[in-house]
Amino acid sequence: MDLGPYLILASLEGAVTAAVLALTAVGLSLVFGVMRVVNIAHGEFFMLGAVIAWWIAHSMGGHPAIGFAVALVVAPLIVGVIAVLADMTILKRVNYDPERTIVATIGLLYIIQQLTLMTYGPEARPVEAPFNTRLAIPWFEHGENGWQMIWPWGLGTTSYKLAVIGAAAGVLLGVWILMTRTRAGLVMRATQADRDMALAFGIPVEKVYALVFGLGAALAALAAVLIVPIQQAHYLMGADPLLLSFIVVIIGGLGSLPGTVLAAVLIGLSDGIISVFFSPTLAKILATLLVGLVLVFRPQGLFGTRHS
Amino acid sequence: MSVTTKTIALHGGLLVLLFALQFVLPAYHHGNLARIMVLASYAVGYNILFGYTGLLSLGHALFFAAGMYGMSLTIQHLGFSAAPALLAGIAAGVVVSMALALLALRTAGVAFMIVTLMFAQAGYLTILYFGEYTRGDEGFVIQQAQRMLWGIDLSQPTNRYFAALSLFATCLLASLWLIRHPFGKTLVAIRENEERVRMLGYNTFAHKLGAMVISGTISAAAGASYGLLFGYAGASFASVQYSIFPLLWVLLGGAGTVLGPFIGTLFMFYLIDLSSGITTAYMLIAGVVLVLLTLFAPQGLTGELRARIWRWLP
Numbered sequence: 049m050d051l052g053p054y055l056i057l058a059s060l061e062g063a064v065t066a067a068v069l070a071l072t073a074v075g076l077s078l079v080f081g082v083m084r085v086v087n088i089a090h091g092e093f094f095m096l097g098a099v100i101a102w103w104i105a106h107s108m109g110g111h112p113a114i115g116f117a118v119a120l121v122v123a124p125l126i127v128g129v130i131a132v133l134a135d136m137t138i139l140k141r142v143n144y145d146p147e148r149t150i151v152a153t154i155g156l157l158y159i160i161q162q163l164t165l166m167t168y169g170p171e172a173r174p175v176e177a178p179f180n181t182r183l184a185i186p187w188f189e190h191g192e193n194g195w196q197m198i199w200p201w202g203l204g205t206t207s208y209k210l211a212v213i214g215a216a217a218g219v220l221l222g223v224w225i226l227m228t229r230t231r232a233g234l235v236m237r238a239t240q241a242d243r244d245m246a247l248a249f250g251i252p253v254e255k256v257y258a259l260v261f262g263l264g265a266a267l268a269a270l271a272a273v274l275i276v277p278i279q280q281a282h283y284l285m286g287a288d289p290l291l292l293s294f295i296v297v298i299i300g301g302l303g304s305l306p307g308t309v310l311a312a313v314l315i316g317l318s319d320g321i322i323s324v325f326f327s328p329t330l331a332k333i334l335a336t337l338l339v340g341l342v343l344v345f346r347p348q349g350l351f352g353t354r355h356s
Numbered sequence: 187m188s189v190t191t192k193t194i195a196l197h198g199g200l201l202v203l204l205f206a207l208q209f210v211l212p213a214y215h216h217g218n219l220a221r222i223m224v225l226a227s228y229a230v231g232y233n234i235l236f237g238y239t240g241l242l243s244l245g246h247a248l249f250f251a252a253g254m255y256g257m258s259l260t261i262q263h264l265g266f267s268a269a270p271a272l273l274a275g276i277a278a279g280v281v282v283s284m285a286l287a288l289l290a291l292r293t294a295g296v297a298f299m300i301v302t303l304m305f306a307q308a309g310y311l312t313i314l315y316f317g318e319y320t321r322g323d324e325g326f327v328i329q330q331a332q333r334m335l336w337g338i339d340l341s342q343p344t345n346r347y348f349a350a351l352s353l354f355a356t357c358l359l360a361s362l363w364l365i366r367h368p369f370g371k372t373l374v375a376i377r378e379n380e381e382r383v384r385m386l387g388y389n390t391f392a393h394k395l396g397a398m399v400i401s402g403t404i405s406a407a408a409g410a411s412y413g414l415l416f417g418y419a420g421a422s423f424a425s426v427q428y429s430i431f432p433l434l435w436v437l438l439g440g441a442g443t444v445l446g447p448f449i450g451t452l453f454m455f456y457l458i459d460l461s462s463g464i465t466t467a468y469m470l471i472a473g474v475v476l477v478l479l480t481l482f483a484p485q486g487l488t489g490e491l492r493a494r495i496w497r498w499l500p
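Note that the protein sequences, when read in sequence, are chains Z and Y.
Per the numbering used here: the first sequence = residues 49 to 356.
Per the numbering used here: the second sequence = residues 187 to 500.
In case anyone wonders, no lab produced these hints; they're calculated from the structure.
One or more of the hints may lead you astray.
[Said to hold, decoys possible] Chain Y side only, calculated, beta carbon under 10 Å to chain Z, not exhaustive:
#1 Thr293
#2 Leu303
#3 Ala306
#4 Tyr418
#5 Ser422
#6 Val426
#7 Leu433
#8 Val474
#9 Leu479
#10 Pro484
Idealized CB from N, CA, C, for every residue including glycine.
Required output: the full structure, derived from the provided sequences and hints.
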């Protein structure tokens with residue numbers, strides 16, 4: 049293959065990564081934006097979503113689409129409820145102190161991860177995609193007879209991957225409408241802007257916090273359900289999404305939703321393309337260094353504006 | 187008794203007890219205690235930055251690994267003998283902690299935690315990337331012949347125990363001396379109220395820099411000794427888990443107390459040791475302890491002791 053088809057393939061794979069990453073990172077960004085805490089256990093909520101999706105798809109039987117559709121609704125709900133409970137029993141009791149919250153969520157990370165290891169086991173298990181038609185992509189090449197259309201071997205995608213991109217875009221639009229056009233969003237934004245003032249105006253800040261924490265976790269779980277037919281569910285799968293979400297949220301500017309989505313697309317696409325040319329480890333080293341340096345030299349993020 | 191006498195009696199007493207235990211402990215616990223003392227030295231280093239200066243680092247595995255690899259790579263590839271290799275490990279710790287401090291101390295609070303986490307992760311990945319020299323996750327064994335320090339075979343249990351005890355005693359006494367010194371008292375003041383300390387005319391950046399380099403150097407010394415005493419260097423010692431461990435030990439034992447790191451390491455080591463006999467998911471214990479500590483005893487064991495009984499505890 050030429051370079052061109054490679055690039056198309058890399059950007060298609062990258063777009064799927066970007067879509068899932070955007071959902072996960074928006075969950076993390078929402079929690080950081082409204083509650084001003086960093087949730088280290090975010091990747092484990094992602095992992096829980098995938099594992100619960102496998103469990104539902106496995107126990108439902110029948111056509112794979114039925115199990116998948118149920119998982120799409122139920123897995124984020126269960127994970128959201130778990131997160132709300134964690135918020136009410138742990139985070140609320142440490143008063144959302146940023147540093148103690150990080151330590152507590154590190155503890156939560158190990159609890160969720162190790163309980164999954166004890167119940168679900170160390171195997172990686174697949175979930176069947178509801179539909180999976182192969183779509184080949186044509187490529188134009190200058191041959192003996194001038195320009196002609198060819199179908200390079202290996203260049204293509206599946207209908208499911210396109211559906212993942214579409215679904216993620218839909219959910220992100222939904223989150224945006226929720227935040228900007230509804231009363232719930234108004235309450236969240238008010239809490240984000242000034243916690244004490246919101247409290248003085250009778251907004252139940254603790255309930256808002258619990259719901260935001262649940263919503264953030266549910267978004268991560270939803271992303272995991274979407275990706276689990278492409279990847280497999282495994283108890284250690286939370287580490288990479290956590291790291292990538294961190295990168296995205298920090299580069300996009302902490303707590304800014306449009307910045308987060310933009311950064312997710314950028315990182316997702318470049319991750320796919322860079323991995324074609326460099327070793328994945330080198331790509332990860334560069335990415336982690338980038339996050340560290342951005343935080344040191346441009347703490348408002350690459351797209352953010354500096355607050356006074 | 188004056189506070190100084192009581193302090194000397196308590197800490198000296200612990201060291202004498204550790205010295206005496208060597209003759210009575212059965213082989214298994216003898217080996218464990220040597221390991222605990224080296225890891226407790228790592229925790230002592232962590233405590234200087236977290237407990238006394240109030241900077242929560244999530245990247246100390248970078249310093250531990252800098253010491254371990256500074257020591258083992260010079261032995262493996264440059265043919266150093268144990269003593270210069272140990273120094274090379276400590277020097278690596280000084281350089282790495284100085285570099286990270288200059289970058290990370292430009293941030294504060296949550297950003298500081300994430301910056302240290304990210305640089306430590308980059309360091310871990312770098313060790314994996316240069317797998318040709320470091321053997322990555324698999325790691326490599328440091329041969330018995332390479333573990334002779336001034337003619338003493340450190341692979342012998344008795345010698346190993348004394349080496350670990352000397353390291354731990356040095357670190358413990360250094361940290362005790364440091365916090366009774368004006369420099370250490372300024373660190374505590376920075377932890378309590380950095381703005382006020384700056385207003386009083388102290389250079390807080392220089393103090394924090396000093397604290398981070400001291401902390402990183404002690405951690406590196408522990409890392410280098412760990413490799414030398416137990417004959418193995420591997421990338422897992424640079425992973426996030428080894429940044430979380432000292433935090434856990436110090437929190438459990440009591441942040442900002444001299445004895446806390448040792449007590450925390452001792453308890454956690456045996457807690458994990460016992461639970462790993464029951465389940466493979468032993469990190470569950472670490473998670474539960476972390477959550478319970480943040481909820482109910484943010485002061486840790488020694489901290490509670492100080493709050494309730496011995497108010498003079500350093």
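Verification of the hints:
| no. | hint | result |
| --- | --- | --- |
| 1 | Thr293 | holds, 6 Å |
| 2 | Leu303 | holds, 8 Å |
| 3 | Ala306 | holds, 9 Å |
| 4 | Tyr418 | violated, 22 Å |
| 5 | Ser422 | violated, 14 Å |
| 6 | Val426 | holds, 8 Å |
| 7 | Leu433 | holds, 7 Å |
| 8 | Val474 | holds, 6 Å |
| 9 | Leu479 | holds, 8 Å |
| 10 | Pro484 | holds, 7 Å |
In the structure shown, a violation is registered for the earlier hints numbered 4, 5, in ascending order.
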